[in-house]
Amino acid sequence: MLLLALPALLIPTMVLCYIFWQAVPVLNWGFLSGTADGVGFGVTEGIFSQLVGSLLLATMACLIAIPFALGTALYYRTFATPGQQRLMNAMFNMLQGIPPIVFGLCGLVVLVNLFAWGVSLLSGAVVLAVVVLPLLVLNTLVTLERIPNEYSEAGSALGLTKGAIILRLWLPRSWLQLLTGLLLAMARALSETAPIMFTATVFSGVVWPDSIFSPVTTLQTHIFYLAQEGNDPLLISIAWGSAAVLVLLVAFFGLLARLLQKLGGN
Amino acid sequence: MTIVLVLGFLLYSSWPLIQQQGIAFIIGDEWYPFESLYGMLPALVGTVWAVVLALLIALPCGVAAAIFCAELLPAHWRGSMRFSMELMAGVPSVVYGLLGMWVLLPLLESQLELLTGRTLLAAGLLLALMILPTIMVLSEDAIRAVRQSQREAAKNLGIGWDATLWRVLLPQAWPGIRVATLLATGRAMGETVAVMLVVGSIDRIPDPFYNFLQPAQTLTSRIGREMAEASIGSLHWAALLFCGLLLAAIAMGLSLLTQRKGAAA
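Residue numbers (my numbering), protein chains in the order written: chain A, 85 to 350; chain B, 1485 to 1749.
Hints in this document: simulated from the structure, not taken from any laboratory.
You may find that some hints are simply not true.
As the list claims (entries may be wrong) - Some chain A residues flagged as far from chain B (calculated, every beta-carbon gap over 12 Å):
no., residue
1, Leu147
2, Pro151
3, Thr227
4, Leu274
Stated by the list, open to error - Per the computed footprint, the stretches of chain B lying under chain A, defined by three or more beta-carbons under 8 Å from a beta-carbon of chain A, are:
no., segment
5, 1540–1552
6, 1569–1581
7, 1611–1624
8, 1632–1644
9, 1704–1712
If you're wondering where the values come from, they're calculated on a predicted model, not measured in any experiment.
For each residue, glycine too, the CB sits at the ideal point set by N, CA and C.
For reference, chain A alone in the conformation it holds in the complex (with noise of 0.2 Å):
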């Protein structure tokens, strides 16, 4: 058995390693801050653009996000019926099981091509927000359960309006956890590449864009572009680079989120 275990075990810390291991040789200051200035296809070192790209596209998934998840997750404890609330569960466990790249493909339909969005940072981050929905809600639900009903029965009987009480009972106690969720969401919509592949991003050439309808540059369709086509190894030294970079930024929120959910008592 342990011979069966050994390589669940090992791998994970190889492939770590690995990647950083390549990543070495082309990670430094000028790698970071460097931008592609569009003359030989990304050739030229530096991911700043890719980096800028990513932030932002996840960024704004999660901030259109979340209104909608606050509201879900408050309609499901405070008005759901019974009924509803079983309902909404399977919907949000059906929509947490379908492939990011279906949202992706109904992206490109609706949003780049039906709302004429083009292919820009608007619609992926609606795209990507769609991902991370479920997330969102399933976490600010789980949330919400643990706050002893006592609190808002006292609440109740207090004579607050449903209002109050979730403003002055229900985000104090909440809302570290419900940071933790926002951090976890970040992560997840940073390591999506399918979705925003056909709806978000181009090859090289944007480092700022102009406005919420022009493409970004992101790091995950870097690496996907790189991988693909570079022969040279310089290309894949920076495909490399850029995957560690990733790695770290995913798990940066990762571990944020883990830290907050040690201060937050759980």
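We have chain A; now place chain B onto it with these hints.
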């Protein structure tokens, strides 16, 4: 709400195809967009193969590792093990794709003396790597959720560790492991980018069908490959959307199954 929208939309958009060719194209075995042949079977078979291979590799490894972590590893190691697993679960799929393309493919080519490493096997291996954390973390939870008193009772009865494992721990943890497997299946099926880079994207049912050393195509990789080429409103486009619909439908079926099993557990 979103779900109905998405599904309805996919169905609506792929309707021209269904209308023109009847529903039978699902089991057609040829996909040549330029000749208006849109058989779904090659990609379906490819998807199933890739997922099955991944599960065959990841399930024994993952569960064994979970048993090891839950039962044998000292507690202070357990935390770091779990942490590394969570870290690994967080690695973006495109990074796995890079890894697969530049590490796994050359390795397969040189070791198995294949013409190209882009095979179903490569996709299966890569997917196995990606679903390993899911399986392991959830199975570990399931095993640890078995009450301590059960283990002690087994010990008191003089049952050896092996027998305890097979007769006491695993049967009780089984519902949890089953849910983990279903979730992992869904994840493996929907994975796009990594698979796209290693699977070869050739629309052909492996010949003979159990030959997993041949390039193939999965539903996701087909969408990823051809989306940029298909013009909007064309039949090809509708066919790709239908692939999406199929994926979504299978995923939802899996998710329903997971919930039912999860509720039963």
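Tested hints:
Every CB of chain B lies more than 12 Å from the CB of A/Leu147, the least distance being 18 Å, so the non-interface label holds. The Cβ of A/Pro151 lies farther than 12 Å from every Cβ of chain B, with a closest approach of about 14 Å, so its non-interface assignment holds. At roughly 19 Å, the least C-beta separation between A/Thr227 and chain B is larger than 12 Å, which holds for a residue marked as non-interface. A Cβ of chain B approaches the Cβ of A/Leu274 within 12 Å, the least distance being about 7 Å, so the stated non-interface status is violated.
Counting residues of the segment 1540–1552 of chain B whose beta carbon lies closer than 8 Å to any beta carbon of chain A gives 7, which reaches the threshold of three, so the coverage claim holds. Residues of the segment 1569–1581 of chain B lying with their CB closer than 8 Å to a CB of chain A number 11, which satisfies the three-residue condition for coverage. Figure legend: the segment 1611–1624 of chain B, annotated as covered by chain A; annotation consistent (4 residues with Cβ-Cβ distances under 8 Å, at least 3 required). Here's how the segment 1632–1644 of chain B fares: 0 of its residues keep a CB closer than 8 Å to some CB of chain A, so the rule of at least three is not met and the hint is violated.
Coverage of a stretch by a chain is defined here by at least three residues with a beta carbon nearer than 8 Å to that chain's beta carbons; for the segment 1704–1712 of chain B and chain A the count is 5, and the condition holds.
Violated hints for the displayed structure, listed by number in ascending order: 4, 8.
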